[in-house]
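Enquirer: Spelled out, the chains give:
There are 2 protein chains.
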Amino acid sequence: MSVLLRVQDDDFKVTPWEVTGRVDYERLIQQFGTQKISKDILNEISKISRGKMHVMIRRDIFFSHRDLDLILKDYAEGRGFFLYTGRAPSLGMHIGHLIPFLFTKWLQDVFDVNVYIEITDDEKFMRNQDYTLKQTSEWAHQNILDIIAVGFNPDKTFIFKDTEYIRNMYPLVTSIAKKLNFSQVKATFGLDASSNIGILFYPAIQIVPTMFEKKRCLIPAAIDQDPYWRLQRDLAEPLGYYKAAEVHSKFLPPLASSDGKMSSSIPESAVYLSDQPKTVEKKIMKYAFSGGQATTELQRKLGANLNVDVPYQWLYYIFEDDDSEIQRIASEYSSGKMLTGEIKKILAQKVNQLLEEHRKKREKSEEAYLRFLYDGKLARQMWERVHS
Amino acid sequence: MSVLLRVQDDDFKVTPWEVTGRVDYERLIQQFGTQKISKDILNEISKISRGKMHVMIRRDIFFSHRDLDLILKDYAEGRGFFLYTGRAPSLGMHIGHLIPFLFTKWLQDVFDVNVYIEITDDEKFMRNQDYTLKQTSEWAHQNILDIIAVGFNPDKTFIFKDTEYIRNMYPLVTSIAKKLNFSQVKATFGLDASSNIGILFYPAIQIVPTMFEKKRCLIPAAIDQDPYWRLQRDLAEPLGYYKAAEVHSKFLPPLASSDGKMSSSIPESAVYLSDQPKTVEKKIMKYAFSGGQATTELQRKLGANLNVDVPYQWLYYIFEDDDSEIQRIASEYSSGKMLTGEIKKILAQKVNQLLEEHRKKREKSEEAYLRFLYDGKLARQMWERVHS
Numbered sequence: 000m001s002v003l004l005r006v007q008d009d010d011f012k013v014t015p016w017e018v019t020g021r022v023d024y025e026r027l028i029q030q031f032g033t034q035k036i037s038k039d040i041l042n043e044i045s046k047i048s049r050g051k052m053h054v055m056i057r058r059d060i061f062f063s064h065r066d067l068d069l070i071l072k073d074y075a076e077g078r079g080f081f082l083y084t085g086r087a088p089s090l091g092m093h094i095g096h097l098i099p100f101l102f103t104k105w106l107q108d109v110f111d112v113n114v115y116i117e118i119t120d121d122e123k124f125m126r127n128q129d130y131t132l133k134q135t136s137e138w139a140h141q142n143i144l145d146i147i148a149v150g151f152n153p154d155k156t157f158i159f160k161d162t163e164y165i166r167n168m169y170p171l172v173t174s175i176a177k178k179l180n181f182s183q184v185k186a187t188f189g190l191d192a193s194s195n196i197g198i199l200f201y202p203a204i205q206i207v208p209t210m211f212e213k214k215r216c217l218i219p220a221a222i223d224q225d226p227y228w229r230l231q232r233d234l235a236e237p238l239g240y241y242k243a244a245e246v247h248s249k250f251l252p253p254l255a256s257s258d259g260k261m262s263s264s265i266p267e268s269a270v271y272l273s274d275q276p277k278t279v280e281k282k283i284m285k286y287a288f289s290g291g292q293a294t295t296e297l298q299r300k301l302g303a304n305l306n307v308d309v310p311y312q313w314l315y316y317i318f319e320d321d322d323s324e325i326q327r328i329a330s331e332y333s334s335g336k337m338l339t340g341e342i343k344k345i346l347a348q349k350v351n352q353l354l355e356e357h358r359k360k361r362e363k364s365e366e367a368y369l370r371f372l373y374d375g376k377l378a379r380q381m382w383e384r385v386h387s
Numbered sequence: 000m001s002v003l004l005r006v007q008d009d010d011f012k013v014t015p016w017e018v019t020g021r022v023d024y025e026r027l028i029q030q031f032g033t034q035k036i037s038k039d040i041l042n043e044i045s046k047i048s049r050g051k052m053h054v055m056i057r058r059d060i061f062f063s064h065r066d067l068d069l070i071l072k073d074y075a076e077g078r079g080f081f082l083y084t085g086r087a088p089s090l091g092m093h094i095g096h097l098i099p100f101l102f103t104k105w106l107q108d109v110f111d112v113n114v115y116i117e118i119t120d121d122e123k124f125m126r127n128q129d130y131t132l133k134q135t136s137e138w139a140h141q142n143i144l145d146i147i148a149v150g151f152n153p154d155k156t157f158i159f160k161d162t163e164y165i166r167n168m169y170p171l172v173t174s175i176a177k178k179l180n181f182s183q184v185k186a187t188f189g190l191d192a193s194s195n196i197g198i199l200f201y202p203a204i205q206i207v208p209t210m211f212e213k214k215r216c217l218i219p220a221a222i223d224q225d226p227y228w229r230l231q232r233d234l235a236e237p238l239g240y241y242k243a244a245e246v247h248s249k250f251l252p253p254l255a256s257s258d259g260k261m262s263s264s265i266p267e268s269a270v271y272l273s274d275q276p277k278t279v280e281k282k283i284m285k286y287a288f289s290g291g292q293a294t295t296e297l298q299r300k301l302g303a304n305l306n307v308d309v310p311y312q313w314l315y316y317i318f319e320d321d322d323s324e325i326q327r328i329a330s331e332y333s334s335g336k337m338l339t340g341e342i343k344k345i346l347a348q349k350v351n352q353l354l355e356e357h358r359k360k361r362e363k364s365e366e367a368y369l370r371f372l373y374d375g376k377l378a379r380q381m382w383e384r385v386h387s
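Line by line, the protein sequences give chains V and P.
The numbering of the first sequence is numbering that gives the first Met the number 0, which starts it at 0 and goes up by one.
The numbering of the second sequence is numbering that gives the first Met the number 0, which starts it at 0 and goes up by one.
Note that the list lumps identical chains together, so a pair holds whenever it fits in one copy or between two copies.
Below, in silico cross-link-like pairs of lysine-lysine (DSS-like), each with a Cα-Cα straight-line distance of 25 Å or less:
1. Lys160 to Lys178
2. Lys242 to Lys38
3. Lys213 to Lys133
4. Lys376 to Lys363
5. Lys133 to Lys178
6. Lys214 to Lys133
7. Lys336 to Lys300
The hints are simulated quantities; they were obtained by calculation from the structure and are not laboratory data.
This is chain V alone, in the form it adopts within the complex:
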């Protein structure tokens, strides 16, 4: 591995397993050696989407990439591509977990391509001695219902649990495993000699879906995941596949601080997809880190610091799709015309609106479950294939 695996200076730190401090994304791009999403690329995508650009790409949340230009070229020239994302199942999914899925769904709508969603129940189980297979299996099921609710095309989306799909993947997994040694996965995944052999092996399983088709694979993910895919990019071509392309997002700040990334291990910092309206309102009103001033008088006089204000960032990142509306909020809040309580109320309303819609769609997920996992057009094809 010639590339840098972590970025750390006095102000912030980004590794695939830790994000702390106030991230300097420009510096991250330089250090990771990725590319900024250029105006040309944005124009190209805008043309294909007929001007209806997703808020996350309009607002620069997805800001960096590898080979996204080649993906667009493959698309333009008829070779096509496919999308791959995944999830390590957990007890509950929070808003931050939705980001790659929402964006992936949008990409599927725009480009009409296959999406593969790997549920890494094996990795989750092996990661923590306290977890049982029964737990991780139940989490997987519940998370899949949330993912289905995002609205993927059931005939072009294959959601699979590693423990179930392993037989179809395993020959290709062995080919990949053979190209990775302990030293490499140790450095990239932050493992050591006390790490269990399942976790050491897991990178091969994570890489396999990038080779599900003989097309380029695009992975939407937060930028901290980039080092994982460098292993894939080192070994893909010798095995006869494309290097994985990536499109990287910034981190949604946790509710209680404008630093780091949202983590489900700090419950008050996250809004769960299962949170009821009252809970959401309470969490936002009580915990959301504010860039506003300490008193109404000071706020009227000085206005809020948008750069550290979490309610504003959440609205900007995800919840306020309307550009003129977000500009109005920015202007009024930073000038002191809008108070902290007011922007928090706007956010709470928007979050509850999304969660309300999500819950409605999720109620129908159970009946679509078999289609995404086994019976849909793509799923049926995938179960008939053994990748080798």
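Position chain P against the provided structure of chain V, taking the given hints into account.
Expert: Same frame as chain V, but now just chain P:
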């Protein structure tokens, strides 16, 4: 791991991946901490087999064990047990490879128990960068035909390739993998930081069949394999399974030397199951290491040293089942009445007899193939189960 993983002194060395020198089996038992097969155990097995003891147990080839007494107790008290052996597929199988299968088949006949035979095509492929999956898959097929020819009960034997059966094993594999770390498999399997992650993971796959039934599992294998099973014995009970029992064989000496063990990587030292009669005769006459004297005159006068004579040892180990006949050969050859050329001829004839029978049975293997792998009574049950 508190137990010793290798035995090495000035004269010999035994690790799971290397056997050199003249092995002192008594010392090996002490150092490995296994048990000698006692008279009591032999009597017990003799009762069950109605006095028809297999040559390999009569002649002390299978000489050491772990928990074989408990296996017999479980059998006597109706709890039963099962047998497990396996094979890393290779281009050709030689006579030495047959030993555990011949003995396992005999145990199946005597105790009427299930046999599981793991074909480790995954491990073989990942072990060597030069191998392709196509090669290891073809080797697996050919080796399975040889194994079927040994004569196992098709309704109580399940032969499976790891790459195919992985999905059914994988949940339990993850439970085992979780209990083994890099340091442990490094020490036990002779791996290091440059080892690929597939090989690091493989021990979990090798252990899983010991837990296919909630009964004690008996593994017939050469004693150099013992350290592998110590990992299983350390983790089995916390996972709710029995510690694997083992019955250990000595090593069949290679044709060209009385030291070490037969290896298929030195072609002239091995007799392959596919060798034609002329080839067998030529190999034995030309290469078999002799304990006889350099000239006929000296042989007549001094006789042969049976301890280093490979033709005698092969006859004793496997090929001359008749106790009075092997005694006659021993007496005549050690006294000088029999010449080296004569004992070699006897061996060649015996080897060709076994190979002739093997080839006949192997011709029928192809039609029994599906039964052992998919359609037999046990195979069908196994494909319906997911082990977790």
